[in-house]
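Single-letter residue listing:
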Amino acid sequence: MTVVKQAPGAVEGPGGRERHGPLAGRRPGVPYSLVLAVLGVVLLGAATAGIAAGSISIPADQVWSILLHRLHPALAEPTWTPVRETIVVDVRLPRVLLAGAVGAGLSVSGAALQALVRNPLADPMLLGISSGASVGAVLVLVLNVTVFGMFSLPIAAFCGALAALVAVYLLARSGGRMTTVRLVLAGVAMAEVLSALASFLIVTSHDPHKTQSALRWMLGGLAGTTWTTVWIPVGAVLLGTAVLLGVCRSLNLLLAGEEAAAALGLDVHRFRASLFTLVALMIGTIVAVSGQIGFVGLILPHVVRLLVGADQRRALPAAALLGAAFLIAADLAARTMMSPEEIPVGILTALVGGPFFLWLMRRKAAR
Amino acid sequence: MTTGTTAAAGALDAQEVSVVVNGKTLVHPASLQVAPGEMVALVGPNGAGKSTLLRTFYRAQRPTSGRVLLDGTDVWRMPGKRLAQQLAAVLQETAGDFELTVYDVVAMGRTPHKRAFAGDDADDRDIILRALEELHVDALAHAPFDQLSGGEKQRVLIARALAQRTGTMVLDEPTNHLDLRHQLDTLRLVRRLGATAVIALHDLNLAAAFCDRICVMDAGRVVATGTPVEVLTPALLSEVYRVEAEVTEHPRTGVPHVTVQASP
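Protein chains in written order, with our numbering: chain A, 1 to 367; chain B, 1 to 264.
Fair warning: there could be bad hints in the mix.
To be verified - Every beta carbon over 10 Å from chain B, so not counted as near; a handful from chain A, in silico:
| no. | residue |
| --- | --- |
| 1 | 57 |
| 2 | 69 |
| 3 | 204 |
| 4 | 205 |
| 5 | 213 |
| 6 | 245 |
| 7 | 247 |
| 8 | 250 |
| 9 | 253 |
| 10 | 263 |
| 11 | 273 |
| 12 | 350 |
| 13 | 356 |
As the list claims (entries may be wrong) - These stretches of chain B come out as covered by chain A in the derived footprint (C-beta under 8 Å, 3 or more residues):
| no. | region |
| --- | --- |
| 14 | 56-65 |
| 15 | 78-90 |
| 16 | 106-117 |
Hints were generated in silico from the structure; no laboratory data involved. A virtual CB, placed ideally from N, CA and C, is assigned to each residue, including glycine.
Go ahead and model the full structure; you've got the sequences and the hints to work with.
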């Protein structure tokens with residue numbers, strides 16, 4: 001056996017691939033903190049625009065003066081009419097806050113799901129989770145269940161979401177391995193069946209008023225948001241995002257595969273089960289207030305990975321910020337584009353997200 | 001103490017470990033004792049149960065019966081994280097569609113030493129960079145893992161195990177896909193680390209040259225365990241691999257050398 005001497009440090013592999021980078025623990029390109037700062041500014045900008053725009057336009061500086069004044073009266077001198085203050089504080093602020101929470105929640109849920117099922121095409125709506133939440137919520141609406149008071153709707157939506165997620169996971173996984181095709185097909189089939197079930201419940205409810213509001217809600221929209229509807233989803237999204245940030249490292253391990261994750265000390269089954277519950281909690285509470293808003297959980301994690309890489313420790317905070325900014329902007333477009341008519345924001349995100357999904361599929365197939 | 005320090009070499013003791021999956025016995029009760037710092041090769045034909053036995057060591061496959069002890073503690077009765085601080089595994093599996101960089105993949109090796117929310121400190125980065133250098137993949141640090149060649153991927157996965165700084169290593173065919181130089185480099189590296197190591201290998205001559213003992217498996221059973229000289233005999237090779245082989249002594253090292261008669 002002869003061993004050919006090679007120069008030490010020589011790198012083998014197909015020639016022509018220039019991959020020599022600086023030897024540092026940091027990715028080349030834009031610094032991460034700068035990306036976060038820019039996303040933060042974008043979010044603030046979107047929120048300001050979201051509060052400022054509408055049938056009565058309010059200048060951005062006045063928006064901030066009103067908000068600062070509310071925070072502490074000494075911070076800004078009131079020079080505006082009480083009506084404007086009501087519009088800002090009681091009408092538009094809760095809606096923008098909810099849009100931000102819904103966007104951030106969908107985005108981080110999507111990112112977490114993609115890691116949990118180890119599949120970049122996972123999304124709360126594509127996997128039928130949102131439809132499961134819808135069925136739960138519709139059941140409560142149609143049957144007038146009020147056992148848990150104001151929590152009845154979110155709790156039912158959470159149960160529906162969790163049941164759908166577990167069912168899709170088990171269907172896609174039977175036989176040990178899970179392929180992309182099976183996961184997406186199981187999700188699509190589940191979403192179809194559950195949406196049909198929700199529609200069936202609505203049209204057979206024999207109450208035209210209920211039917212109207214339920215249909216409107218199913219299209220996905222944030223119209224009619226008040227402070228009372230904001231707290232539950234905002235709380236769930238904050239909690240969920242905080243927990244996810246704490247388990248980023250474990251999510252990363254799953255990207256390396258189940259077996260590697262186990263070898264690196266992760267209890268894969270227990271971890272996955274608890275995170276499924278957490279994601280269902282976020283999606284359930286979100287769907288309960290906003291209906292089905294699709295593709296946010298698919299697009300934004302991808303954009304974020306392109307920006308900052310696949311390491312969840314970097315991706316998740318960026319996904320939360322970008323998701324919030326995106327949905328605030330989308331909601332702004334939804335209510336101003338055809339004013340005074342309002343387009344359900346779910347329709348807008350589907351119009352943008354559908355083609356993106358197809359592009360992504362083609363790109364994956366091409367590789 | 002976790003950060004930076006390498007765990008002491010452990011004593012690995014598999015006692016009557018069997019694995020039955022879906023009614024099929026993959027491993028019949030098998031025992032293997034590995035002393036601290038010892039390097040043992042696990043050899044045998046395809047489907048002999050080598051990988052399955054190894055999977056019971058790093059908690060990917062629960063034994064149907066028997067126990068696996070690391071320094072006297074059942075690996076299945078300690079928290080997974082604690083085991084991962086003491087035992088690292090190099091697997092065949094590769095990452096999927098997520099465009100993790102080589103650096104990201106190696107950085108995972110630090111996870112067992114970290115609490116939730118804790119970032120990588122200077123020590124961690126130092127350990128990661130040294131592991132990258134050791135396996136000659138430092139120049140690829142920012143390349144997407146998925147786009148590497150098979151051999152490069154294999155070296156990155158070894159670097160990840162290195163970054164775990166454990167005293168015991170389980171390696172499932174680590175020399176797969178590697179060129180001659182990197183096969184030798186890898187086994188030399190494991191030798192030099194002084195860690196307890198169990199290595200599934202196909203190349204009997206590499207096993208003989210680098211390992212203290214060889215454990216031969218066939219059809220889910222351990223059929224022989226001993227020094228290379230004791231184990232690598234024409235009779236055993238004929239029985240297990242069904243090939244006619246000649247075993248000679250290497251003129252310089254005295255290590256047994258297997259030559260298989262490749263008559264068409």
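Checked hints:
no. : hint    : in the structure
1   : 57      : holds, 43 Å
2   : 69      : holds, 36 Å
3   : 204     : holds, 42 Å
4   : 205     : holds, 43 Å
5   : 213     : holds, 41 Å
6   : 245     : violated, 7 Å
7   : 247     : violated, 6 Å
8   : 250     : violated, 7 Å
9   : 253     : violated, 6 Å
10  : 263     : violated, 4 Å
11  : 273     : holds, 15 Å
12  : 350     : holds, 24 Å
13  : 356     : holds, 16 Å
14  : 56-65   : holds (count 3)
15  : 78-90   : holds (count 9)
16  : 106-117 : holds (count 8)
Violated hints, listed in ascending order, are 6, 7, 8, 9 and 10; each of the other numbered hints is respected by the structure.
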